[in-house]
Amino acid sequence: MNVLGDILSLTIIFTVPLLLVALGGMFSERSGVVNIALEGIMVIGALVSFLYMSKIRDSAFAAATPVLATLTGVAVAAVAGMVFALLLAFASIHLKADQTIGGTALNMFAPAFAILLTWTIQGQGQTAIYTPPWARISPTVFGADLQNLNFFQRVFLKEFFITTPLAIFILILVIIVLYKTKFGLRLRSCGEHPQAADSVGVNVYFMRYAGVGISGLLGGIGGFAYALAAGAGFSATVSGYGFLALAVMIFGNWKPLRIVGAASLFAFFKVISAMATAIPFLPSFQKISGGEYIYLMVPYVVTMIVLAFTSKRSRAPKASGIPYDKGAR
Amino acid sequence: MSDYVVEMLHITKDFPGVKANDDITLQLKKGEIHALLGENGAGKSTLMSVLFGLYQPDGGHIKIRAKEVKINNPNDANALGIGMVHQHFKLVEVFTVLDNIILGAEPAKAGFIQRSDAKKRLEKISKQYGLRVEPDALIEDISVGMQQRVEILKMLYRENEILIFDEPTAVLTPQEIEELMVIMRNFAKEGKSILFITHKLNEIMAVADRCTVLRKGCLVGTVEVKNITKEQLSKMMVGRDINFTVKKKQIGKGNKILEVKHLTIASRLHKNNAVKDVSFDVYGGEIVCIAGIDGNGQTELGYGIIGLEKAASGDIVFKGKTITKSAIKKRETEGLSHIPEDRHKYGLILDYSLEENLVLARYRQKDFQKGGFIRFKNIRTYAKKLIENYDIRCGQGAVTKVRSMSGGNQQKAIVAREIDKQPDLLLAVQPTRGLDVGAIEYIHERLVEVRDSGRAVLLISLELDEVMNVPDRILVMYEGEIVAELTPEQTTVEEMGLYMSGVKRQPRFRKATEGLR
Chain F
1 MNVLGDILSL TIIFTVPLLL VALGGMFSER SGVVNIALEG IMVIGALVSF LYMSKIRDSA
61 FAAATPVLAT LTGVAVAAVA GMVFALLLAF ASIHLKADQT IGGTALNMFA PAFAILLTWT
121 IQGQGQTAIY TPPWARISPT VFGADLQNLN FFQRVFLKEF FITTPLAIFI LILVIIVLYK
181 TKFGLRLRSC GEHPQAADSV GVNVYFMRYA GVGISGLLGG IGGFAYALAA GAGFSATVSG
241 YGFLALAVMI FGNWKPLRIV GAASLFAFFK VISAMATAIP FLPSFQKISG GEYIYLMVPY
301 VVTMIVLAFT SKRSRAPKAS GIPYDKGAR
Chain A
1 MSDYVVEMLH ITKDFPGVKA NDDITLQLKK GEIHALLGEN GAGKSTLMSV LFGLYQPDGG
61 HIKIRAKEVK INNPNDANAL GIGMVHQHFK LVEVFTVLDN IILGAEPAKA GFIQRSDAKK
121 RLEKISKQYG LRVEPDALIE DISVGMQQRV EILKMLYREN EILIFDEPTA VLTPQEIEEL
181 MVIMRNFAKE GKSILFITHK LNEIMAVADR CTVLRKGCLV GTVEVKNITK EQLSKMMVGR
241 DINFTVKKKQ IGKGNKILEV KHLTIASRLH KNNAVKDVSF DVYGGEIVCI AGIDGNGQTE
301 LGYGIIGLEK AASGDIVFKG KTITKSAIKK RETEGLSHIP EDRHKYGLIL DYSLEENLVL
361 ARYRQKDFQK GGFIRFKNIR TYAKKLIENY DIRCGQGAVT KVRSMSGGNQ QKAIVAREID
421 KQPDLLLAVQ PTRGLDVGAI EYIHERLVEV RDSGRAVLLI SLELDEVMNV PDRILVMYEG
481 EIVAELTPEQ TTVEEMGLYM SGVKRQPRFR KATEGLR
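Protein chains in written order, with this note's numbering: chain F, 1 to 329; chain A, 1 to 517.
Just so you know, these hints were derived from the structure itself, not from any lab. Yeah, the Cβ is synthetic: ideal placement off N, Cα and C, and Gly gets one too. Errors might be hidden in some of the hints.
Covered, in the sense of this in silico footprint (three residues per stretch, anywhere, with C-beta under 8 Å from a C-beta of chain F), are these stretches of chain A [stated by the list, open to error]:
{"no.": "1", "region": "103 to 115"}
{"no.": "2", "region": "133 to 142"}
{"no.": "3", "region": "403 to 411"}
Capping the alpha-carbon separation at 20 Å, the derived lysine to any residue pairs in SDA-like fashion look like this [claimed, not checked]:
{"no.": "4", "chain 1": "F", "residue 1": "312", "chain 2": "A", "residue 2": "94"}
{"no.": "5", "chain 1": "A", "residue 1": "109", "chain 2": "F", "residue 2": "314"}
{"no.": "6", "chain 1": "A", "residue 1": "253", "chain 2": "A", "residue 2": "446"}
{"no.": "7", "chain 1": "F", "residue 1": "318", "chain 2": "A", "residue 2": "407"}
{"no.": "8", "chain 1": "F", "residue 1": "318", "chain 2": "A", "residue 2": "107"}
{"no.": "9", "chain 1": "F", "residue 1": "312", "chain 2": "A", "residue 2": "109"}
{"no.": "10", "chain 1": "A", "residue 1": "271", "chain 2": "F", "residue 2": "314"}
{"no.": "11", "chain 1": "A", "residue 1": "261", "chain 2": "A", "residue 2": "245"}
{"no.": "12", "chain 1": "A", "residue 1": "271", "chain 2": "F", "residue 2": "310"}
{"no.": "13", "chain 1": "F", "residue 1": "180", "chain 2": "A", "residue 2": "107"}
{"no.": "14", "chain 1": "F", "residue 1": "312", "chain 2": "A", "residue 2": "268"}
{"no.": "15", "chain 1": "F", "residue 1": "180", "chain 2": "A", "residue 2": "108"}
{"no.": "16", "chain 1": "A", "residue 1": "19", "chain 2": "A", "residue 2": "407"}
{"no.": "17", "chain 1": "A", "residue 1": "235", "chain 2": "A", "residue 2": "209"}
{"no.": "18", "chain 1": "A", "residue 1": "385", "chain 2": "A", "residue 2": "372"}
Build the full structure now, drawing on both the sequences and the hints.
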């Protein structure tokens, strides 16, 4: 029972970054820009916010109000992600560059930049930026007894970061913005039929900038949430989570609620792979040298299998990936 | 003062290399239906795009209700009460009818869309003009005629007084066209002013008050429709006399060339079959036309015969041999030629040169290759011959990039390639789509030549003029089945419309589910 509780608990905290980043990708694609740079955006978001967090690590502000301090970290991540994403927006909307190439360039740039900046600040070879202890909210805050957690507390409180409730809040906000507001309707029209949007006076370029900007914002927060969930700290990588988030978005059919389902599924397999040795009934492959890595492949193998079977039925926004040219008829 | 609502005075618009509009003046009176007539490339769309704010004119000016204005974008046009139904609908397929209508003009409180208010308003407008729609249906689920209605409602929702219709009848059935004409007359009666872009003369004669004719970017003139004949109009448009009736030689029925037996083809768009148990024959020396409204299985039938789509059941027999499962290449070498519906997708490689395109299906022949190496010299000679014989106009001769050629000349290139193969059966799918009268006349003559030489033509067409004029026999398709066989001399457009829309069905073509034939 305890193992199950731990698995579910970890699933939740790993769902959070996948969900946020996939929702970000969705905003971008729904506005008509394929955002393959999510991985890079996550790295930059995590990098800048963690540098900030380590800066305020011992400050009186953090000691007095740790939750507020973490939230300022979230804000820093959001801004950093957005600024980075606007590079992609500029290239793909303004310069009408190929969106895949632009995104790939940013993905290659981000981890290299992360190492460079971390080493410059922390010294050669010091790649990891450690998570301040106050970033995690202890179950004791909610009056739970650390030695004696019940199942419910184990699932929801053992690993608890402020990013979890924040993600739920963002999810609700996203659904409302996308389907209930003028902005959402216009944004979606730009990803489906930009000529139609233009003909009724919607500014397609602005909407696409907004879509990519929001994806950077959510991607940055997602990077921060990933680095929190990863445990010790951030070391210049989000280990393919940005790409996994793309898969989540596709599996989720570019719809927020289905993305929640997809994100939890992928997170669950991620946790299973990490905790395989602690799960009693799974075989351990001791005879194969390096057998411990077999389970680490699971989430990625599942990604491939799931996409192979579902991507045929999924329906991407029609104009996603096509630069909009006002002149073309 | 004038009673003109729109005056476009001395409008000039240059594109690199072409003068799309050269000193064109067009004046629209309040409450009139004003047709804008011209061939493809005559500058109609450019002129309307200038009025709608999509392009800025290089010269001339625009007055709306006697006030000079500058229209920078569609928003400005909208603010001046100008609305447009585009030729290719500007609708988001996965949105509802309502969302499409309000997009860009959403009633909103603090950014939140007030859909129920919008719906009430839409229902009121629908009732007022008799334009019924289902507000919650998705665009992709409704018919093309309905989609056009949504476009019209979009203009009415924005209270536009000046309505531009860009080739609105191209996609409609005869009955729907009739309805649209009534709707347009109603609008005119209400005091709205209508600009109606078309190259169909019959429609101008039926509905327009005045007509402005453009040719090659220049103004030919503006005429009162009641004082002019169709022939005079067409001469203004093309600059020469046009033959509307196709002349055919008297020639006996030849051998059976194509036999389609109980052919069924699955659809890619929906779960039903696109072609359902279709049987017919085509003989040498005749043109058989498959008529019907777009989307009733004609395209798939054409694909099935040429081999782009697999038959689910049934057989295709060509010159006595079953070819149901043969590769496309085999069918082509056996004597089947194909003028495809989508010339850009299946007909040409746009970034190849004209000569390369002209040998696309023949490069394997001995004349054009030796041991796998292409014999460009022979290809050049051959291409020059075709360009000459088929009057293909191209900037740089045989090496012209096909993309840079006009639609009519691209189509001529395909026609040249396919007919020069001396096929026993020419399958021509929508061969005149989007072409102007001059080019249409030319292509019809070529089709008749093939027929007159004793070979067979299977024509698949959506154009009623073509269906009534060109073939010897007409087969009408409705929902994947053949519902009638007619001869053009013994039928009328109205009767055919009834078959095309499924209202009537000849007794010998009973529904497949009603038992065996």
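Against the structure, the hints:
Look at the region 103 to 115 of chain A against chain F: 8 of its residues bring a Cβ nearer than 8 Å to a Cβ of that chain, three or more, so the hint holds. Only residues whose beta carbon comes within less than 8 Å of a beta carbon in chain F count, and the region 133 to 142 of chain A has 0; fewer than three means the coverage is violated. With a cut-off of 8 Å between beta carbons, the region 403 to 411 of chain A has 0 residues touching chain F; three or more are needed, and the interface restraint is violated. For the suggested pair residue 312 of chain F and residue 94 of chain A, the alpha carbons sit about 18 Å apart, so the restraint of at most 20 Å is met.
Of the pairs offered as hints, the one joining residue 109 of chain A and residue 314 of chain F is violated, with about 34 Å between alpha carbons and a cut-off of 20 Å exceeded. Restraint check for residue 253 of chain A and residue 446 of chain A: satisfied, since their Cα atoms lie roughly 19 Å apart, inside the 20 Å limit. For the hint linking residue 318 of chain F to residue 407 of chain A, the alpha-carbon distance of about 26 Å lies beyond 20 Å, and the restraint is violated. Our distance criterion of 20 Å between C-alpha atoms is broken by residue 318 of chain F and residue 107 of chain A, whose separation comes to about 26 Å.
About 39 Å separates the Cα atoms of residue 312 of chain F and residue 109 of chain A, which puts this hinted pair outside 20 Å; it is violated. Only pairs whose Cα atoms come within 20 Å are accepted, and residue 271 of chain A paired with residue 314 of chain F is accepted, the gap being roughly 17 Å. Between residue 261 of chain A and residue 245 of chain A, the direct Cα distance comes to roughly 33 Å. Violation of the 20 Å bound is thereby established for this hinted pair. Proposed proximity of residue 271 of chain A and residue 310 of chain F is supported: the alpha carbons are some 19 Å apart, at most 20 Å.
A threshold of 20 Å between alpha carbons decides the hint, and for residue 180 of chain F with residue 107 of chain A the separation of about 12 Å falls inside it, so the pair holds. In summary, the hint linking residue 312 of chain F to residue 268 of chain A is supported, as the alpha carbons are separated by about 13 Å, within the 20 Å threshold. Proximity of residue 180 of chain F to residue 108 of chain A is assessed by CA-CA distance (about 10 Å); at most 20 Å being required, the pair is judged to hold. A distance of roughly 18 Å separates the Cα atoms of residue 19 of chain A and residue 407 of chain A; the hinted pair therefore holds under the 20 Å criterion.
Taking the CA atoms of residue 235 of chain A and residue 209 of chain A, the gap is about 19 Å. The hint holds against a cut of 20 Å. For the suggested pair residue 385 of chain A and residue 372 of chain A, the alpha carbons sit about 24 Å apart, so the restraint of at most 20 Å is broken.
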